[in-house]
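Asker: As a plain string of letters, each chain reads:
There are 2 protein chains.
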Amino acid sequence: MGNEDKTNQKRGQAPAASGWIRTVQAKMEGPSLEDNRADVDRFLNQIRQSLDSEEVAIDFPLVKKMPGILRKEGYDVQAVLYRANHLWHLIDILPAQKGARIFGLAVDLGTSMITIRLLDLLTGGIKGERSFLNPQLEMGPDILTRIHKASEEDGLCNLQGLLIQGLNREIGQIVKDQGVSFDRVAGMSVAGNTTMTHLFLGLDPYWLCREPYIPVINRPEPIRAGELGLGIHPNAPVLVCPNVGSYFGGDLMAGILSSGMHHRQGTSLLVDVGTNAEVVLGNRDWLMACAGAAGPALEGGVASMGMMAAPGAIDKVATDRESGELKLGTINNSPPVGICGSGLIDLVAQLYRLGMIDLRGKFVPARCGDHLREIEGMKHFVVVPSGASATGKDLTLSQADIDSLLRSKAAMFAILTTITEMVNVSLRDIQRFYIGGAFGSYIDPRSAITIGMLPDLPLETYRALGNTSLEGAGQALVSKRARDEMYRIQDQVTYIELNVNSRFMELFSAAKFIPHTDRSLFPSVKQNPGSLNIL
Amino acid sequence: MGNEDKTNQKRGQAPAASGWIRTVQAKMEGPSLEDNRADVDRFLNQIRQSLDSEEVAIDFPLVKKMPGILRKEGYDVQAVLYRANHLWHLIDILPAQKGARIFGLAVDLGTSMITIRLLDLLTGGIKGERSFLNPQLEMGPDILTRIHKASEEDGLCNLQGLLIQGLNREIGQIVKDQGVSFDRVAGMSVAGNTTMTHLFLGLDPYWLCREPYIPVINRPEPIRAGELGLGIHPNAPVLVCPNVGSYFGGDLMAGILSSGMHHRQGTSLLVDVGTNAEVVLGNRDWLMACAGAAGPALEGGVASMGMMAAPGAIDKVATDRESGELKLGTINNSPPVGICGSGLIDLVAQLYRLGMIDLRGKFVPARCGDHLREIEGMKHFVVVPSGASATGKDLTLSQADIDSLLRSKAAMFAILTTITEMVNVSLRDIQRFYIGGAFGSYIDPRSAITIGMLPDLPLETYRALGNTSLEGAGQALVSKRARDEMYRIQDQVTYIELNVNSRFMELFSAAKFIPHTDRSLFPSVKQNPGSLNIL
Numbered sequence: 179m180g181n182e183d184k185t186n187q188k189r190g191q192a193p194a195a196s197g198w199i200r201t202v203q204a205k206m207e208g209p210s211l212e213d214n215r216a217d218v219d220r221f222l223n224q225i226r227q228s229l230d231s232e233e234v235a236i237d238f239p240l241v242k243k244m245p246g247i248l249r250k251e252g253y254d255v256q257a258v259l260y261r262a263n264h265l266w267h268l269i270d271i272l273p274a275q276k277g278a279r280i281f282g283l284a285v286d287l288g289t290s291m292i293t294i295r296l297l298d299l300l301t302g303g304i305k306g307e308r309s310f311l312n313p314q315l316e317m318g319p320d321i322l323t324r325i326h327k328a329s330e331e332d333g334l335c336n337l338q339g340l341l342i343q344g345l346n347r348e349i350g351q352i353v354k355d356q357g358v359s360f361d362r363v364a365g366m367s368v369a370g371n372t373t374m375t376h377l378f379l380g381l382d383p384y385w386l387c388r389e390p391y392i393p394v395i396n397r398p399e400p401i402r403a404g405e406l407g408l409g410i411h412p413n414a415p416v417l418v419c420p421n422v423g424s425y426f427g428g429d430l431m432a433g434i435l436s437s438g439m440h441h442r443q444g445t446s447l448l449v450d451v452g453t454n455a456e457v458v459l460g461n462r463d464w465l466m467a468c469a470g471a472a473g474p475a476l477e478g479g480v481a482s483m484g485m486m487a488a489p490g491a492i493d494k495v496a497t498d499r500e501s502g503e504l505k506l507g508t509i510n511n512s513p514p515v516g517i518c519g520s521g522l523i524d525l526v527a528q529l530y531r532l533g534m535i536d537l538r539g540k541f542v543p544a545r546c547g548d549h550l551r552e553i554e555g556m557k558h559f560v561v562v563p564s565g566a567s568a569t570g571k572d573l574t575l576s577q578a579d580i581d582s583l584l585r586s587k588a589a590m591f592a593i594l595t596t597i598t599e600m601v602n603v604s605l606r607d608i609q610r611f612y613i614g615g616a617f618g619s620y621i622d623p624r625s626a627i628t629i630g631m632l633p634d635l636p637l638e639t640y641r642a643l644g645n646t647s648l649e650g651a652g653q654a655l656v657s658k659r660a661r662d663e664m665y666r667i668q669d670q671v672t673y674i675e676l677n678v679n680s681r682f683m684e685l686f687s688a689a690k691f692i693p694h695t696d697r698s699l700f701p702s703v704k705q706n707p708g709s710l711n712i713l
Numbered sequence: 179m180g181n182e183d184k185t186n187q188k189r190g191q192a193p194a195a196s197g198w199i200r201t202v203q204a205k206m207e208g209p210s211l212e213d214n215r216a217d218v219d220r221f222l223n224q225i226r227q228s229l230d231s232e233e234v235a236i237d238f239p240l241v242k243k244m245p246g247i248l249r250k251e252g253y254d255v256q257a258v259l260y261r262a263n264h265l266w267h268l269i270d271i272l273p274a275q276k277g278a279r280i281f282g283l284a285v286d287l288g289t290s291m292i293t294i295r296l297l298d299l300l301t302g303g304i305k306g307e308r309s310f311l312n313p314q315l316e317m318g319p320d321i322l323t324r325i326h327k328a329s330e331e332d333g334l335c336n337l338q339g340l341l342i343q344g345l346n347r348e349i350g351q352i353v354k355d356q357g358v359s360f361d362r363v364a365g366m367s368v369a370g371n372t373t374m375t376h377l378f379l380g381l382d383p384y385w386l387c388r389e390p391y392i393p394v395i396n397r398p399e400p401i402r403a404g405e406l407g408l409g410i411h412p413n414a415p416v417l418v419c420p421n422v423g424s425y426f427g428g429d430l431m432a433g434i435l436s437s438g439m440h441h442r443q444g445t446s447l448l449v450d451v452g453t454n455a456e457v458v459l460g461n462r463d464w465l466m467a468c469a470g471a472a473g474p475a476l477e478g479g480v481a482s483m484g485m486m487a488a489p490g491a492i493d494k495v496a497t498d499r500e501s502g503e504l505k506l507g508t509i510n511n512s513p514p515v516g517i518c519g520s521g522l523i524d525l526v527a528q529l530y531r532l533g534m535i536d537l538r539g540k541f542v543p544a545r546c547g548d549h550l551r552e553i554e555g556m557k558h559f560v561v562v563p564s565g566a567s568a569t570g571k572d573l574t575l576s577q578a579d580i581d582s583l584l585r586s587k588a589a590m591f592a593i594l595t596t597i598t599e600m601v602n603v604s605l606r607d608i609q610r611f612y613i614g615g616a617f618g619s620y621i622d623p624r625s626a627i628t629i630g631m632l633p634d635l636p637l638e639t640y641r642a643l644g645n646t647s648l649e650g651a652g653q654a655l656v657s658k659r660a661r662d663e664m665y666r667i668q669d670q671v672t673y674i675e676l677n678v679n680s681r682f683m684e685l686f687s688a689a690k691f692i693p694h695t696d697r698s699l700f701p702s703v704k705q706n707p708g709s710l711n712i713l
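Chains as they are written, first to last, in our numbering: chain W, 179 to 713; chain Z, 179 to 713.
Worth flagging that the hints you see were computed from the coordinates, not collected in a lab.
The beta carbon of each residue, even a glycine, is placed where N, CA and C say it ideally should be.
Take these hints with a grain of salt, some might be off.
Said to hold, decoys possible - FRET-style restraints, in silico, Cβ to Cβ:
1) W:N511 to Z:K243: 53 to 61 Å
2) W:E389 to Z:K250: 17 to 25 Å
3) Z:S687 to W:D237: 44 to 52 Å
4) W:A262 to Z:D254: 27 to 35 Å
5) W:G404 to Z:E232: 21 to 29 Å
6) Z:G407 to W:S290: 41 to 49 Å
7) W:D237 to Z:K243: 20 to 28 Å
8) Z:K242 to W:E389: 21 to 29 Å
9) Z:G208 to W:S604: 34 to 42 Å
As the list claims (entries may be wrong) - 25 Å max Cα-Cα, derived PhoX-like pairs, lysine-lysine:
10) Z:K505 to Z:K571
11) W:K243 to Z:K327
12) Z:K242 to W:K327
13) Z:K250 to W:K327
14) W:K250 to W:K276
15) Z:K327 to W:K242
16) Z:K327 to W:K250
17) Z:K243 to W:K327
18) Z:K557 to Z:K540
Let the sequences and hints guide you as you build the complete structure.
Answerer: Here it is in structure tokens:
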């Protein structure tokens with residue numbers, strides 16, 4: 179991760195005419211005594227014909243600009259417009275250049291990491307991409323801290339300001355790199371959790387985390403970029419992917435859209451793995467969603483050796499078939515610095531298979547041998563000894579780290595069980611199991627099944643979708659059909675509040691074991707104890 | 179005239195629910211775990227039910243304000259909204275007070291004189307009225323000078339600024355006088371000629387007076403008052419009565435609306451007498467309009483003793499039946515200072531009846547006796563000798579003054595003849611002849627017929643409507659039906675350009691005589707020579 183540029187066109191994008199942000203050529207007859215319509219009337223008449231729509235609105239500053247540009251360009255111009263609220267709104271009038279392009283930005287507004295993607299609005303092609311740390315991290319590492327900060331004097335304004343400044347810096351870089359003029363960026367779509375979109379819009383998040391958890395707004399109309407101080411065309415519409423509630427944000431709505439599960443006849447599950455486990459179950463007829471705090475353990479965030487995915491992070495752990503020894507893989511093959519989420523799940527799965535932890539997740543000293551240390555009264559497993567680590571210190575996994583991971587995986591499994599039970603669908607009937615989130619892409623489903631975090635389904639059921647939030651935001655930006663689908667999904671989703679669900683608590687307790695108290699749910703998971711040597 | 183306050187309810191106004199600016203009570207259930215909709219969704223849902231409309235848009239600053247006011251008011255509020263572009267737009271959210279009122283301002287934006295009228299938007303009742311000189315007079319007395327000034331550096335901005343400042347000063351006074359808070363003024367409608375509305379909106383009027391005479395816009399969508407810097411509620415919509423073309427403005431559109439001629443089966447004529455003579459002919463099936471420069475003579479503006487209607491202006495001239503002498507009436511019965519438009523028409527009509535001018539408008543010395551003076555080589559008729567005037571000087575009417583008036587009256591009559599000929603309607607078939615404009619109300623139709631300015635119709639055909647521009651602007655402000663009717667009128671009116679009409683020039687020449695070269699057109703006009711003594 180970190181700052182990076184990508185150029186790809188991995189998925190088919192919408193063609194030009196289907197966009198809700200588009201250009202229209204307007205070549206008019208000039209005025210005469212026989213045809214002395216007002217400039218704006220002449221222009222609108224032409225645009226209405228081209229769009230085959232009566233409903234076109236022009237903001238007043240563009241009305242002022244109209245006579246000058248029409249005469250300068252000899253009544254031959256290109257209009258840039260967007261559609262919202264049953265109206266086409268004029269963004270700008272440009273000279274009628276052949277092949278003039280307009281661009282848009284899709285933004286995944288993560289609590290920790292933000293990714294922006296520059297798209298060609300007429301072809302849907304991806305021009306570039308950049309990821310960077312959310313600048314709000316300096317005011318608070320997590321959502322709750324930021325909600326708290328927002329209620330301090332100037333807090334909300336500062337949080338929004340940091341974010342907009344950070345976005346503008348990266349937008350400036352991406353348009354420069356791609357040789358695009360900022361005023362040709364004619365639209366933006368933003369997907370984030372409900373708190374992040376509130377902070378982005380400068381809306382008070384105070385009530386989001388207080389019972390009964392009320393957002394200010396779930397589906398804002400597109401806002402002009404200039405109103406938010408964004409460094410693109412000031413009239414460009416900013417589409418915020420809609421929330422379903424305080425704990426179910428536009429990022430997941432974009433995720434559903436990009437998964438296509440709402441089109442499939444068979445029932446699918448979509449899971450976004452993060453601090454919150456967000457789960458959607460459904461098919462083309464119905465969609466159920468719930469979210470619950472899974473804790474940051476799944477992301478590796480709280481383990482003593484935990485870190486974000488970066489060079490040197492252990493991201494893969496396997497057992498060598500012949501030697502029976504643990505094999506560690508690191509990002510960029512750099513010397514190990516710590517462990518990221520996917521590595522942690524792999525590691526605990528391997529420790530269990532090797533019999534080094536039991537079904538409660540407790541270390542089995544006889545199996546662990548001299549890997550086990552007692553530090554400040556707690557058992558630690560040395561994953562990488564100081565001599566082999568990049569830090570010069572032992573990289574260790576504590577009993578508390580495992581306990582934390584098991585609580586998180588239990589929460590995830592309990593959420594999956596609760597939601598399927600509610601609609602009377604067996605987990606075994608799930609035909610597709612989509613795993614979203616940048617981090618989700620790196621999880622090995624085999625390991626996740628072993629620890630009982632994901633259900634014991636055939637491995638081909640699992641599909642890692644990568645950054646579904648960014649992908650869905652991009653689709654909703656370039657295609658009217660996709661945007662409208664997203665709004666229909668929002669209307670269709672039934673959200674279940676787990677905080678007040680007693681069945682969830684029962685299921686949570688039963689899921690704290692490896693893989694589960696009911697072993698019959700995980701027939702494929704077997705222990706295969708062997709010796710342990712870290713390669 | 180001058181600053182004055184009026185309170186009347188002379189005409190029936192629209193009831194509350196028919197307004198396009200209105201209030202709606204929104205009393206909601208508060209949020210709970212069972213009903214955790216977002217604040218804006220909850221509010222919108224209630225509003226949509228009350229309005230029976232799905233389409234409600236909220237500007238972003240009001241979205242921000244929503245959670246605070248809903249909680250402060252216990253989810254019981256009053257929404258103020260306006261309808262435009264097929265959408266209801268939220269203006270503000272107020273505490274749910276019983277009987278809370280909202281107000282609006284109708285504005286007649288004259289080139290010389292501006293009148294504002296404060297209306298209760300819920301009852302349509304008139305709260306007060308103020309008239310004042312157009313502050314743009316200091317930059318240019320007439321439209322052409324102002325168009326010229328507008329193209330100088332900062333010229334347009336200064337012209338707009340003077341106007342907005344002047345309006346704000348008077349608005350501040352009228353709301354203070356009526357005990358109304360400025361932020362309860364939730365709408366404004368403005369009727370003016372095309373140049374005045376361009377200057378009001380800050381639109382470049384450069385092309386209005388240059389062939390082929392193209393306005394920037396004819397039918398602007400309502401603009402928020404804040405965008406124009408007007409001192410009422412910043413979200414209040416400002417409706418500008420639409421133009422048909424450069425020489426046919428929203429003032430006349432409002433005039434047609436207020437006359438009701440577009441509803442009548444019989445054919446009517448509406449004339450707005452001013453520097454431009456604006457004429458509309460039609461009925462409920464069709465409407466034809468034209469405008470032509472009549473010159474300021476009809477307003478008394480260019481005569482050597484000419485003045486605006488003000489105390490001391492001679493506004494009535496009659497011949498005493500018994501003595502055969504001229505009787506002068508002045509405004510407020512003050513000693514005479516000069517003569518205004520209606521007085522001038524009366525005076526020339528009397529001079530003709532008394533045989534003191536001939537059918538060419540030339541003085542008949544034998545009849546005028548010692549009233550006639552030669553000043554700088556031109557004949558002058560002493561109307562008030564220096565001893566009787568308030569100025570201490572003779573008040574005189576020159577041969578040039580009469581010539582100028584006859585050209586103006588000829589233009590008016592030629593316009594009336596041209597437009598009726600075009601649709602093959604005889605002037606004698608006109609069932610109603612409406613005279614609009616503040617000045618029009620004071621014209622004696624008998625005198626206007628005598629000089630051949632108006633056709634020789636039964637006197638009961640003539641109806642003085644007063645300030646039709648202000649009246650129509652008020653109707654369009656308080657009633658959605660009236661506003662929509664005005665837009666339909668705009669679509670319906672066929673505008674005839676007289677500047678390129680050769681028949682008009684023929685008719686103009688024939689109409690320069692008193693009453694006309696074709697005397698059969700004016701059977702009622704007779705000369706009745708007598709002695710002249712001014713009473």
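Asker: Run through the hints listed earlier and report the numbers of any the structure violates, in increasing order.
Answerer: Of the numbered hints given earlier, the structure breaks none, since each of them holds.
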